[in-house]
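Chain by chain, the residues:
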Amino acid sequence: MFQQYIFNTLITSSLYSIIGISFAIIYRTTRFLHFTHAVVFTSGAYFTFLFYKLFGFSIYFSITLAIIFSLLLGCLIEKSIYKPLRKKQASSMILLLASLGIYILLQNLISMIFGDDTKSIRSGVVKEGINILGARITPIQIIIIITSVIVTILLLLFLKKTKTGKAMKAVANDVELANISGISSNRVILISFAIGSALAGLAGILVAFDVDMTPTMGMNTLMMGVVAMIVGGNNIKGIVCAALLLGFAQNFGVWYISSQWQDAIAFVILIIFLLFKPEGFYGKKLRKQSV
Amino acid sequence: MLEIKNLETGYGKKQVLFDVSMNISEGEIVGIIGPNGAGKSTILKAVSGILTIWNGDILFKGNSIKKNSIAENIKSGLTFAPQGNRVFDELTVKDNLDLGGYLLSKNELKDRIEQAFETFPILKKRSKQIAGKLSGGEQQMLALARALIPNPKLLLLDEPSLGLAPNLLNDVFEKFVDINKTFGVSMLIVEQKVNKIIKISDKIYSIKLGKVAFEGKPKELIGYKEKLKDLFL
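Residue numbers (this note's numbering), protein chains in the order written: chain A, 1 to 291; chain B, 1 to 233.
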């Protein structure tokens, strides 16, 4: 039983970690809460459903296409909505409201096209999970954990070693100084949207393979990612630690309280951090202008 | 080297500069003084490419840079160190220098960083330290080194003394002269510390209400308290 909780913690944490990192990559450079990210996450699942189930493409080709389309969706939102708003010097509150509006619009669009019922991209009969150290775990859950580890390592290396990664850190730190150094902040923001959206799409696909999909699947998962980002201090290593804390608290919390309170546990942790350690695990103190 | 002709610009719809003309020759250090809100920093922002120019023209080495982007200006040899010695305070000293040479090739950047470490040895010692944890003087050196990485011909400095302890001021201004002499870098410096800037400048401009109120040699101001008072009120 204990081993099962440990594995459940790892699975939950891995998912929160991917979605938290994907959200943070965008937030660090733009400094506003891009809630439409929830639909980009959902789009990964539905694009896979479209290509794999409706168009009959191979599963790997469908997944690749779905990630590319999620990436393009994120970039399209940035190019057509956020960038023009930034040009008009819109505040982060205006951008936040715009993102909520697009979120509702696109989520309804998914409902209109695919319906509100649960869709599945899994094929064949549901099999019993593999027994590892006395815990049952499915192959897709193992893939979720491995993907999360790979994504974290690759992103850390990308930010540390590449010129574009350093430019992203520069824009995140001081956008005006970055521009003065000859860095195009708009280009860097677009790259952030591309990476963040591709990761969100990938996370959506993984969740869909694990527990199927509905048009509203994005927001709840995104909220957990946002909590992980805030508790982690908007830092990749911090987000991983926060995701582990949330996963642990949620999975072990159900020993004592009903599982319907799992999300509430995450928000209690968030409130505790906001009150006593608002900069999170690794972060700097929150900036006044950040929304 | 730099010729500003009848420059007019501002923020949004608010005009800040009115018919500003200036001239900076090769190898010169030119100081811009004037009261707060006069438009001194706006001149540097317009020259560096941050602000769009409404009217007039800016010639750098004989070519108009009126429509140049910031990156194009850096490539042509013009860099800007913004107000208050700003550095990327969450990043390391080395990262700051790398970002100063964002537009350089890998080999060029390596050479330029080596040179920066020779000019500012303390930065080599602190290369792995987070820039935000450096002292005020060290941050000032880093901001200057970062602006020098692209090997500029003209360096625009906006209030480099801002936030510095008084005992560091002489060293900082001596460093400007040293860099000017050693590397032949021309400098256009906006500065509130009038007594410091007139000592190192070849020419002084005073800006008042967005217009040039004075243009001349520093010796025309040294000792003339009333004249200086008039320029600042």
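Some hints here could point you the wrong way.
What the hints assert, rightly or not - Which stretches of chain A does chain B cover? Using the computed rule of at least three CB atoms under 8 Å from a CB of chain B, they are: (1) 161-175; (2) 255-264.
Claimed, not checked - Here are the simulated SDA-like pairs of lysine to any residue, each with C-alpha atoms no more than 25 Å apart in a straight line: (3) A:K161 <-> B:Y102; (4) A:K163 <-> A:D174; (5) A:K169 <-> B:E72; (6) B:K66 <-> A:S185; (7) A:K169 <-> B:K66.
Unchecked claim - Label pairs and their computed distance ranges (CB to CB): (8) B:I122 <-> A:Y282: 43 to 53 Å; (9) A:K237 <-> B:S76: 35 to 45 Å; (10) B:S127 <-> A:I272: 44 to 54 Å.
Derived from the structure by calculation, the hints contain no laboratory data.
Each residue gets a CB set at the ideal place from its N, CA and C atoms; glycine is no exception.
Against the structure, the hints come out as follows:
1. 161-175: Our answer is that it holds, as 8 residues pass the Cβ test (under 8 Å) against chain B, meeting three.
2. 255-264: It is violated, with 0 qualifying residues against the three required.
3. A:K161 <-> B:Y102: holds (14 Å)
4. A:K163 <-> A:D174: Status holds; Cα separation ~16 Å.
5. A:K169 <-> B:E72: Since the Cα atoms of K169 of chain A and E72 of chain B sit roughly 22 Å apart, the hinted pair holds (cutoff 25 Å).
6. B:K66 <-> A:S185: holds (21 Å)
7. A:K169 <-> B:K66: violated (30 Å)
8. B:I122 <-> A:Y282: 43 to 53 Å: violated (28 Å)
9. A:K237 <-> B:S76: 35 to 45 Å: Distance hint for K237 of chain A, S76 of chain B holds at roughly 40 Å.
10. B:S127 <-> A:I272: 44 to 54 Å: 38 Å Cβ-Cβ, so the 44 to 54 Å window is violated.
Of the numbered hints listed earlier, those contradicted by the structure are 2, 7, 8 and 10.
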